[in-house]
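There are 2 protein chains.
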Amino acid sequence: MSGPDAIAKQFVDFYYNQFDNDRSQLASLYRESSMLSWESSPFQGSTAIVEKLTTLPFQKVLHKVSTIDAQPSSPTVASLLVSVSGLLVVDDSEHPLQFSQVFQLIPDGGSYYVLNDIFRLIYG
Amino acid sequence: MSGPDAIAKQFVDFYYNQFDNDRSQLASLYRESSMLSWESSPFQGSTAIVEKLTTLPFQKVLHKVSTIDAQPSSPTVASLLVSVSGLLVVDDSEHPLQFSQVFQLIPDGGSYYVLNDIFRLIYG
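From first to last, the protein sequence lines are chains A and B. Quick note on UniProt numbering: the first sequence kicks off at 1 and runs consecutively. Quick note on UniProt numbering: the second sequence kicks off at 1 and runs consecutively.
What the hints contain is simulated information worked out from the structure, not anything from laboratory work. Misleading hints may appear alongside valid ones.
As the list claims (entries may be wrong) - Under the rule of at most 20 Å between Cα atoms (straight-line distance), these lysine to aspartate or glutamate pairs were calculated in the EDC-like manner: (1) A/Lys64 - B/Glu39; (2) B/Lys64 - A/Glu39; (3) A/Lys9 - A/Asp20; (4) A/Lys9 - B/Glu39; (5) B/Lys52 - B/Glu39; (6) B/Lys64 - B/Asp92; (7) B/Lys60 - B/Glu39; (8) B/Lys60 - B/Asp92; (9) B/Lys9 - A/Glu39; (10) A/Lys64 - A/Glu94; (11) A/Lys60 - A/Asp92; (12) A/Lys60 - A/Asp13.
With the hints as extra help, turn the sequences into a complete structure.
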């Protein structure tokens with residue numbers, strides 16, 4: 001992996017592919033310090049976050065990513081701020097929902113974990 | 001100021017009020033290390049960022065904030081991740097634009113500066 005944009009793209013592809021196929025497997029991306037704000041509701045720690053994600057009331061979901069932006073988020077650590085916008089197709093609905101999601105990725109060994117995760121639906 | 005939500009609200013109110021009234025005054029919120037991604041174009045440092053903001057091709061602008069989310073962004077420093085969504089009314093247009101913006105705020109004396117700033121229009 002190289003610059004922020006490439007790392008962000010790789011993370012976003014991996015994350016939504018995992019989310020759309022089996023979101024219970026996302027647990028390994030979070031730690032006990034991780035925070036999720038899901039439509040304004042706060043969750044802390046891998047267990048609580050994945051419980052929230054796996055109990056969302058849909059069977060089938062597809063993220064279609066429109067934009068990815070990335071910036072280094074610390075002068076001292078190779079952490080990354082990643083902002084995503086796109087469409088969420090829920091249970092094969094013909095009316096995709098706009099979403100916005102922000103992650104902060106923290107380096108950990110040769111990989112990253114998600115410290116911050118903020119998800120919002122955008123209503124037009 | 002108290003918790004993340006209150007600080008974020010206070011910052012967002014101040015930032016967009018300043019932006020909508022005289023965006024040249026936003027310079028004091030940025031430092032040389034600050035980064036702006038504006039519709040995918042990168043700018044670094046207070047001078048370059050404010051030059052970009054002040055040369056945006058509109059005379060009159062109004063931000064109508066719909067959602068604000070905030071999370072602490074570091075285990076060691078009182079920095080904050082702030083995610084905003086809302087509507088942008090440009091030159092009194094009857095067709096507001098959806099936007100999404102993310103800030104990372106870093107404490108500095110009794111105040112904060114903006115290290116990260118990512119702005120995107122969201123097209124429905």
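Results for each hint:
Taking the CA atoms of A/Lys64 and B/Glu39, the gap is near 18 Å; set against the 20 Å cutoff, the hint holds. Proximity of B/Lys64 to A/Glu39 is assessed by CA-CA distance (about 18 Å); at most 20 Å being required, the pair is judged to hold. Between A/Lys9 and A/Asp20, the direct Cα distance comes to roughly 16 Å. Compliance with the 20 Å bound is thereby established for this hinted pair. The suggested pairing of A/Lys9 with B/Glu39 holds, with an alpha-carbon distance near 16 Å, which does not exceed 20 Å.
Taking the CA atoms of B/Lys52 and B/Glu39, the gap is about 11 Å. The hint holds against a cut of 20 Å. The suggested pairing of B/Lys64 with B/Asp92 holds, with an alpha-carbon distance near 13 Å, which does not exceed 20 Å. Straight-line distance between C-alpha atoms of B/Lys60 and B/Glu39 comes to about 19 Å, which keeps the hinted pair within the 20 Å bound. For the hint linking B/Lys60 to B/Asp92, the alpha-carbon distance of about 7 Å falls within 20 Å, and the restraint holds.
Taking the CA atoms of B/Lys9 and A/Glu39, the gap is about 16 Å. The hint holds against a cut of 20 Å. Between A/Lys64 and A/Glu94 the alpha-carbon distance is near 13 Å, which keeps this suggested pair within the 20 Å criterion. The suggested pairing of A/Lys60 with A/Asp92 holds, with an alpha-carbon distance near 7 Å, which does not exceed 20 Å. Restraint check for A/Lys60 and A/Asp13: satisfied, since their Cα atoms lie roughly 18 Å apart, inside the 20 Å limit.
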